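*Asks:* Residues per chain are reported as follows:
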Amino acid sequence: MVTCINDALYPGTGQAVLRLLRRLGVEVDFPQAQTCCGQPMVNTGYLDEAVPVVRTFVDAFAGYDAVVTPSGSCAGSARHQHSIVARRSGDEALEKAVAEVGPKVYELSEFLIDVLNVTDVGAYYPHRVTYHPTCHSLRMLGVGDRPRRLLEAVRGIRLVDLPGADQCCGFGGTFAVKNADISVAMGADKARHIRETGAEVVVAGDNSCLTHIGGVLSRQRSGVRTVHLAEILASTEAGSIERTLR
Amino acid sequence: MSGTFVGMPAFPTAAREALADSQLRHNLAHATGTIRAKRARVVAEVEDWEELRLAGAAVKERALLDLDTQLVRLEETLTANGATVHWARDAAEANAIVASIAKAHDAQEVVKVKSMVTQEIGLNEALAADGIAAWETDLAELIVQLGDDLPSHILVPAIHRNRAEIREIFRSRMAAAGRPAPIDLTDEPAVLAAAAREHLREKFLRAKVGVSGANFAVAETGTLVVVESEGNGRMCLTLPEVLVSVVGIEKVVSRWEDLDPLLRLLPRSSTGERMNPYTSTWSGITPGDGPQEVHVVLLDNGRTRALADEVGRQALRCIRCSACLNVCPVYERTGGHAYGSVYPGPIGAILNPLLKGVGHDDQIDSLPYASSLCGACFEVCPVRIDIPSVLVDQRAQVVDAHRGGVPKPEGAAMKGAAYVLGRSRRLSALERLTGLGMRFARRFGPSAWTGARDLPEAPEESFRAWWQRTDGGRKDDA
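Protein sequence lines, in the order shown, are assigned to chains A and B.
Using the numbering used here, the letters of the first sequence map in sequence onto residues 1020 to 1265.
Using the numbering used here, the letters of the second sequence map in sequence onto residues 5 to 482.
Pairs of lysine-lysine, DSS-like flavour, derived with a Cα cap of 27 Å:
| id | chain 1 | residue 1 | chain 2 | residue 2 |
| --- | --- | --- | --- | --- |
| 1 | A | K1197 | B | K412 |
| 2 | B | K419 | A | K1197 |
| 3 | B | K419 | A | K1115 |
| 4 | B | K360 | A | K1197 |
| 5 | B | K212 | B | K107 |
| 6 | B | K360 | B | K412 |
Some chain A residues well away from chain B (every beta-carbon gap over 12 Å; in silico):
| id | residue |
| --- | --- |
| 7 | G1044 |
| 8 | Y1083 |
| 9 | R1174 |
| 10 | G1217 |
If you're looking for bench data, these hints aren't it; they were derived computationally from the structure.
The structure displayed is predicted, hence computed values, not measured ones.
We put the CB at the ideal spot given by N, CA and C, even for glycine.
My request is simple: use the sequences and hints to build the entire structure.
*Replies:* Structural data, given as structure tokens:
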């Protein structure tokens, strides 16, 4: 599952996942029927509107051994919220499909460490980097220090601690526009902490959060760029495919 | 005031004002940061904290699922212990009961233990309308009352004030309410506390009627429990001749031993202490010791409505520790007043809609959206209330309550999104316009997003288009 935001705005993240997983010997497909996990609707209160989206999701991903996604938030949505939407639909077949597909959904770092049992993915990334653990990966999925362990095994990287790392960046989906002032206030504090580290790059496992953080950093002309975890892990001495926010 | 401050604007508007108050931002960041660190330290000391949370949640859950039986049992045991039990459906009934008891004793004033439920029902204002002065005796409540202010935190109602502001309130307002502040009043915490002590002492010794809430009510033994830090509560509970306790019906627990996990969870979660300084328990009347007339007002005021909500009813487990406020990134920046209720923060964002229902008041309907759903509240909640899940469910109830009316832009957008995201072909067609859309948004801002944040550059093609063009990267990617 490449996720809708990566599909439309960050294809490089999807390409990085593909390159990384193939390098590790995984057979990867991109079922083209996929669209979105439906989280924007669910978290804004539009459950009826989420039903066709969840149906498309389970149709697209039924039959695979594992569904891997470079997003803690979308993985959390599939694992924890799809059952709510399915129950609402009153469609028992959908409830059954959701119960089958949901547990097979993995956030990237979970899949690498828990399923593939790798920590050193053979990456090379010669930059000063600070890691922001996103809320849904941390508290909804419980990925713990998996992304950090993956980053620590990257050659050439200088990983620096982010003060107040576990505090929300303020994105929060539609919260970012419904309560834009608070969202920006939270983003400003996150940006301040990032700048305090002196890092060139802030890395996270969710491009939605990084769009917000990067938007604040860019407006401040801070000279810090946001990069998805998958892009760092996909980078090798042969080349990097990271994209940058401008 | 009955739970929600009258005339408050919806959350985003109130929050904007609060965000602009730099003194408030500073006071809050300092205070919540301090309590947060204290809590984390003392919780980390408890090896079986997670088991304790599960036990606390189970005790409350069991009582709530059996509430009808437990409440009747509580009434029986309280009555057998010499207390008089009153039932109040709502704020007006509860206030009238307290006022009539005070009037029966010709009391012109009552002294109060800090209590959320009496704030919820607006008891002080109701008593004032009957010519009865209600004196808050908790230090922070006193600061709020003297400052003619509103509480902004469950545990620390004056958290939005710093000590310089408190000194000023004491200096200028104490004289009108009783013993004035000493002339040499400084902003040292100990000096401020001493001034409050002197001011309150004459009220404790004079008052004939005390008013309290209760942290817990034990059905088995007919016992009420008040947990506090300052000792003012103990004064109110023991010195007056008459004691009236207003107790939300969700405060009941079945057995005495059920207090065990709750009394261990509460102080570590709320003040970040291993144990609170004062725990008072009383079971009706003890001849020759303490108040000889004891009343208990059992209050619904929306609690049965909340109990009927399958997802939301877990909010009734809340033991008012305020750990969720202290870790909430939204609360930390807006403070409590923006929530327009005596119950602010994450718990307030679910409790107010649950107690009052959604779909009839924009202010209440805005509360479930006052969260980024970061989940920090659930992580610290001592009785494991899954606040993010309840918030999401409340949002669905807000949307459902407005279905069928005039369609709003957001609803139309969500319907449009459902259409597009229901089929990948439709999404694919729309993605060809991503670049155009981003250029449009940048050019015709500032919108809610672009006012303070840049938008990312749109890619030349979507992942989907790249996959098709290169056969999943197998063809030459140029």
